[in-house]
Amino acid sequence: MEWLDSFEKEIRRGSLVLIVLILLKKPTHGYELLTRIEKATINMDSDTLYPLLRRLEAQGLLSSRWEMENPRPRKIYELTSLGKKTVTEMKKVWKDYGTTIERMIDHD
Amino acid sequence: MTKDLFLIELRMALEVEGVEERIIADTLKEYSAMMDDAIERGETLESFIQRMGNPQKVASELGRGRVKNRNRLVSIMPFLATIAFFLIGYFYNAWHPAWLVFLLIPVTSILTTRRGSWRALAFFVILTIVILMSTFGPAIAVPTWSLFLLLIPFEKSQKTKPFRTIAIVYTVVAVTLYHILYFYPFFQYLGSGANVDIAMMQTLPLLLLVPIGIYAFWNGAIQIRLDVRWDQPKDRQQFFMHLGFISTILALYLALGFQWGLWHPGWLVFLFIPVGYMVFNSKRVRIGSLSPFIATALFVLVGEYVALPNQTSSYALSWLFFLLIPILNILFSKKWEA
Numbered sequence: 074m075e076w077l078d079s080f081e082k083e084i085r086r087g088s089l090v091l092i093v094l095i096l097l098k099k100p101t102h103g104y105e106l107l108t109r110i111e112k113a114t115i116n117m118d119s120d121t122l123y124p125l126l127r128r129l130e131a132q133g134l135l136s137s138r139w140e141m142e143n144p145r146p147r148k149i150y151e152l153t154s155l156g157k158k159t160v161t162e163m164k165k166v167w168k169d170y171g172t173t174i175e176r177m178i179d180h181d
Numbered sequence: 013m014t015k016d017l018f019l020i021e022l023r024m025a026l027e028v029e030g031v032e033e034r035i036i037a038d039t040l041k042e043y044s045a046m047m048d049d050a051i052e053r054g055e056t057l058e059s060f061i062q063r064m065g066n067p068q069k070v071a072s073e074l075g076r077g078r079v080k081n082r083n084r085l086v087s088i089m090p091f092l093a094t095i096a097f098f099l100i101g102y103f104y105n106a107w108h109p110a111w112l113v114f115l116l117i118p119v120t121s122i123l124t125t126r127r128g129s130w131r132a133l134a135f136f137v138i139l140t141i142v143i144l145m146s147t148f149g150p151a152i153a154v155p156t157w158s159l160f161l162l163l164i165p166f167e168k169s170q171k172t173k174p175f176r177t178i179a180i181v182y183t184v185v186a187v188t189l190y191h192i193l194y195f196y197p198f199f200q201y202l203g204s205g206a207n208v209d210i211a212m213m214q215t216l217p218l219l220l221l222v223p224i225g226i227y228a229f230w231n232g233a234i235q236i237r238l239d240v241r242w243d244q245p246k247d248r249q250q251f252f253m254h255l256g257f258i259s260t261i262l263a264l265y266l267a268l269g270f271q272w273g274l275w276h277p278g279w280l281v282f283l284f285i286p287v288g289y290m291v292f293n294s295k296r297v298r299i300g301s302l303s304p305f306i307a308t309a310l311f312v313l314v315g316e317y318v319a320l321p322n323q324t325s326s327y328a329l330s331w332l333f334f335l336l337i338p339i340l341n342i343l344f345s346k347k348w349e350a
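Top to bottom, those sequences are chains Z and L. Residue 181, in our numbering, is where the first sequence stops; the numbers in between run on with no holes. Residue 350, in our numbering, is where the second sequence stops; the numbers in between run on with no holes.
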């Protein structure tokens, strides 16, 4: 059903920032992050991940650096202190919202 | 699709979206690293590219914030250019080269949204000089193409860093000398005087430019990258197919030139190389990506072979085909779908 697809897409889009911030608890490079998102069976459009990382970096939630120690350079992403604070707040909001929705479903 | 082709397509898309050169370079570097990671973990390039999605979408997501910040001047420049074009065309009857004012549109965009990308700006300045010179006559225009060589030594490369100053000085001197020797082939005055072949004397100074060409490969301004894994039959087969394709195009160009003297517009056959790569390597060819090639071919062919009244060509109007590039991109872009 088209509207159901669109509903699912909206939820995914809304939760994407939270998912990425949670997965970036440990410093991670782009490919690793992509694989971890897929392993978590989150159906995410990959072409939105990279721009999202850029946006979060511009907003000061992430920082990135090129790791040159390996034979091949890799860009590592990690949470900034603002990012850590934000993810804690976001988790709280998500849980509260989830609880409210669950309560409403149970009362239905 | 190959890694190189994906990166080229991504670069083009990012440039169209007006993303800063610094971000473009970083994005390409990261995508390249991720592709290498994918291959190292046993993933095929095809499946990775499929997973990473459409370069156009990545570019439009990255460029989204920038469009909002664009200077108002960029937004009104198309209108100002159109007004200037009609005024110059009408009052001076110079529709060509009045259309050059439209180059102010990308130039303004570069100046306001891609600060530091002075090479792109220099390209447009040189292009304007070359077109203006060719307007005054092919005899003057011939050596001006070498002005594009001035861009080569400015390509930043760690490998050639210690030689950059020498390369810049040499290129400026060589290009200047080439112009002087072309217009004043003074060797004709030496020795045998009038018996000297002037055409030969004008061609010989080209040798001065050869080191710049070699340097271009060395510092990476011109790159030929062969991502061929020789132990993979599929890669080998693809390499020889590409080689055969390019050789056929080259043979066709030489045949057109030597047999029928069609060096111009015969060079248009080289457009088949990028077009061929797009058609054969992509599952779905986007008409927007093909639009620059379609526009160039139509501009040259119609300009050359359709004459306006009392004129020998129609370049003064055929430049309008370049408007096909934004038109086709808008018409066939997913971005505009509801």
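Just so you know, these hints were derived from the structure itself, not from any lab. It is possible that part of the hints are untrue.
Unchecked claim - Some chain L residues close to chain Z (C-beta under 7 Å, calculated; not the full set): (1) E27; (2) V28; (3) L74.
Said to hold, decoys possible - Computed beta-carbon distance windows for the label pairs: (4) I178/Z <-> Q244/L: 19 to 29 Å; (5) T172/Z <-> G65/L: 32 to 42 Å; (6) K168/Z <-> K173/L: 27 to 37 Å.
As the list claims (entries may be wrong) - Which residues of chain L face chain Z? A partial, calculated answer using Cβ under 10 Å: (7) E42; (8) M47; (9) A71; (10) L268; (11) Q271; (12) W272; (13) H276.
Owing to the predicted nature of the structure, the values given are computational and were not obtained by experimental measurement. No residue lacks a Cβ here, since even glycine has one placed at the ideal position from N, Cα and C.
Given the range 32 to 42 Å, decide if the beta-carbon distance of T172/Z to G65/L lies inside it.
Given range 32 to 42 Å: holds, Cβ gap about 34 Å.
Min Cβ distance, M47/L to chain Z: is it shorter than 10 Å?
Cβ of M47/L sits 9 Å from chain Z, so the hint holds.
Minimum Cβ distance from A71/L to chain Z below 10 Å?
It holds, given that the least Cβ distance between A71/L and chain Z is near 9 Å, below 10 Å.
Interface hint for E27/L, Cβ within 7 Å of any Cβ on chain Z
violated, 16 Å
For the restraint on V28/L, tell me whether the closest CB of chain Z is nearer than 7 Å.
Constraint on V28/L not satisfied, violated at 15 Å.
With chain Z as the partner, please determine if W272/L meets the hint condition of a C-beta pair closer than 10 Å.
violated, 47 Å
Should the hint that L74/L touches chain Z count as held when the rule is a Cβ pair under 7 Å?
Check passed: Cβ of L74/L comes within 5 Å of chain Z, closer than 7 Å.
Close enough to count: is the Cβ of E42/L nearer than 10 Å to one in chain Z?
Because about 5 Å separates E42/L from the closest Cβ in chain Z, which is inside the 10 Å limit, the hint holds.
For the restraint on H276/L, tell me whether the closest CB of chain Z is nearer than 10 Å.
Hint violated; H276/L Cβ to chain Z Cβ min 41 Å, cut 10 Å.
Does the Cβ distance between K168/Z and K173/L fall inside 27 to 37 Å?
violated, 54 Å
Can you let me know if the beta-carbon spacing of I178/Z and Q244/L is within 19 to 29 Å?
violated, 54 Å
Per the CB criterion, is Q271/L less than 10 Å away from chain Z?
Since chain Z brings no Cβ nearer than about 48 Å to Q271/L, farther than 10 Å, the hint is violated.
This entry does not satisfy hints 1, 2, 4, 6, 10, 11, 12, 13, going by the numbered hints stated previously.
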